[in-house]
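There are 2 protein chains.
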Amino acid sequence: MRNVISAVCISCGAEHEADDAAYTCKKCGGILEVEYDYGYIKSRLTREVLAGRQDFSMWRYRELLPIEEDSRLSPLRVGWSPLYRAKKLGERLGLQNLYIKDDGLNPTASLKDRASAIAVVRAAHAGKHTVACSSTGNAASSLAGNAAAMGLESFIFVPERAPKGKLIQLLVFGAHVISVKGNYEDTFRLSAEAIEKYGWYNRNAAINPYLSEGKKTVSLEIAEQLGFKAPDYVAVSVGDGCTIAGVWKGFKDLYAVGLIDKLPRLISVQASLCCPVNRAIETKGPLEPMEENTLADSIAVGVPRNGEKALRAIRESGGLTVNVSDEEILAAMGLLGVTTGVFGEPAGVTGTAGIKKAAEQGALPPGAVIVSLVTGNGLKDTVSAQKAAQEPSFPGAGMIQIPPDLDVLIKEMESGFGNKFS
Amino acid sequence: MRNVISAVCISCGAEHEADDAAYTCKKCGGILEVEYDYGYIKSRLTREVLAGRQDFSMWRYRELLPIEEDSRLSPLRVGWSPLYRAKKLGERLGLQNLYIKDDGLNPTASLKDRASAIAVVRAAHAGKHTVACSSTGNAASSLAGNAAAMGLESFIFVPERAPKGKLIQLLVFGAHVISVKGNYEDTFRLSAEAIEKYGWYNRNAAINPYLSEGKKTVSLEIAEQLGFKAPDYVAVSVGDGCTIAGVWKGFKDLYAVGLIDKLPRLISVQASLCCPVNRAIETKGPLEPMEENTLADSIAVGVPRNGEKALRAIRESGGLTVNVSDEEILAAMGLLGVTTGVFGEPAGVTGTAGIKKAAEQGALPPGAVIVSLVTGNGLKDTVSAQKAAQEPSFPGAGMIQIPPDLDVLIKEMESGFGNKFS
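Chains as they are written, first to last, in the numbering used here: chain A, 9 to 430; chain B, 9 to 430.
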């Protein structure tokens, strides 16, 4: 890879060959980060080059990605999700320049497709026939889907609490699914042992540094969609820490090659009862485990594997932390749907819940350009959506059940059903 | 609308003003079809114009759509869904040039977004604040989502059997949902009565001729994605008949403006126990009602409202009819997922099931360019997907549940779990 210099340990700084199959630091076991030759890339990835490029997927940024020039790319169309101006939602929150990046419109319906696309491309290039990971759900379904499209086999380790909708995706994509009777930590450990034993390609985002490189494409898109400007704030829901680290890496890379002239501040949003990353920021203390106590399953991570990268990203960006309750997450789901037509899963709307809370606390300037990253589609977890629609705070109109009789409908309309406007 | 000449009744040929609010023929009550000024459009919508256009959504074809030049467009990004070359699936079916058009990646996860986008644009232009429809689900969720994004209210009539995942979308988008204790026919009738009484904008595809104009954009995209070539065959699942009529209209319009030089043959695929359109073709008889007897809820239509348009489309194209059982639909769901990474709902994969059956019967030339239109996302109906994964014909590897213990996994692998390859 001419564009990649090395993989550097974020803990001890040791440099590794970029193609090295050992994904964690050989010296200290720390997590690696990919270092690019920005001078080389700067001359090749310009606004003009991008303006002429018809590839509207994450591969439009291939100069900034850790793939070989001759690598076979993954067939599913990942990335270039829409960035919507959320005028009505912004008005409700007192924010004039609020945007929603709907990453639930990726092929398997979450942002994780960006990481899995990199994984299957690298796995195929390395001659591997099988890929594997542990996941609370979205990384799993994205790996299964991208592997199927690429012609690879997949082994997926899921904790038993993963929502049904997510398991079914795995099965339909032909994955070998191993449901582990235990929490995310147990699941992760078993997957690591099996991957080592069987020599599968490792798509555990916390270990494999190439995956956050895939995730960073969401930031490259946001900046290009805003006309090569970084927003003032980007709100991201945080679980394992890999996504927010990837988001930050994307903006830093763009800044390094001169495509944006400032960096955004990150808003790290976690669930109040499972917020180890935010707690470490707020207390300036070390990362300490917490219970996995939130219905937002994608961010229910008590021991964040990429916590250090996440902490560094939040700190470097001068970021904010916001913790939101499950009730606030459910309320954000309805608010987002009603005002924008975007349906996010609980972890997908957690960023929006955080923006709402921060705005209400006066922590966000009304004129700031703010992007809320919706990381997964609400269809993945309709049980939570059902709960959201039953909350007293739900802003929608609701449902009546009646026989096929206009007079009955008229009575319902007169009794108030017709006046419930969002 | 400078590009539109009139709306012509498909039954009696009577011409109507294009902007007329009466959606069915004033003379005979027949369904109207929009007629364009192809000479005018031909000079404005060329390959060169399209090559320079950065709008990758259905609005890229606005010259061929029934909207005013100054209409406010709908905010959600509808259309430009990916067209995938399905090599592995093609190999299994003995077809060398098989493609999958994944319309499940639309904002509310189905092709119906294309019709609803037109509806909300026309409704807003007409100064309406409320839109309404009856639907088995996808038209409903697409209308609710597009209305929310456009800032309109929606009233949605659904038959009580609609899958839960689809109802939840409606609620999250803030729709007024009226669940009707009856079948699709009862639901449709009540919605028509209510729309008349309250003066809402009518998004019932069978009545409003502008909606199939939105649906036709899927064909415009297919042709452009194939390099301005029409495929030899396009397989479409058929319920109400509006989608296949729209698909056909798209190719005919493209042919009329000289952007393609031939027309495809349609493959009309219905469920064996609910196939009124195909039966009328096969028996050369009239459309007669059938029971709504299939798990593919989006095409469980016993009395197709757009049946005449559908029949005309299939006949004009020299089309084929294929009827598939629910078992064949479920098997197609797994086959599509395992070979392509695309997850379709039952009606979404019915076209693929039809192609499989037609190929096995030798009805399709192995070298023909064939497109299977996947009309909706599998996440909308995970209950059916669960059934699919439990069928003996399911081609995937399946699931095991184990404690977090490598030795247990090794035993499972040795007992055969590791050898189940798709």
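Where hints are given, some of them may not hold.
Identical chains blur together in the list; that is why a pair holds if it fits in one copy or across any two.
Restricting the straight-line Cα-Cα distance to at most 30 angstroms, the calculated cross-link-like pairs of lysine-lysine (DSBU-like) are [claimed, not checked]:
id, residue 1, residue 2
1, LYS270, LYS35
2, LYS189, LYS395
3, LYS270, LYS95
4, LYS136, LYS270
5, LYS419, LYS136
6, LYS189, LYS237
Bear in mind the hints are in silico, worked out from the structure with no lab data behind them.
Here's how the hints hold up against the structure:
1. LYS270 / LYS35: neither (34 angstroms within a copy, 64 angstroms between copies)
2. LYS189 / LYS395: The answer is both: 26 angstroms in one copy and 23 angstroms across copies each meet 30 angstroms.
3. LYS270 / LYS95: within (24 angstroms within a copy, 44 angstroms between copies)
4. LYS136 / LYS270: Close neither inside one copy (40 angstroms) nor across copies (43 angstroms); limit 30 angstroms.
5. LYS419 / LYS136: The answer is between: 23 angstroms across copies meets 30 angstroms, while 65 angstroms in one copy does not.
6. LYS189 / LYS237: neither (46 angstroms within a copy, 52 angstroms between copies)
In summary, the structure is inconsistent with hints 1, 4, 6 from the numbered list given earlier, while agreeing with the others.
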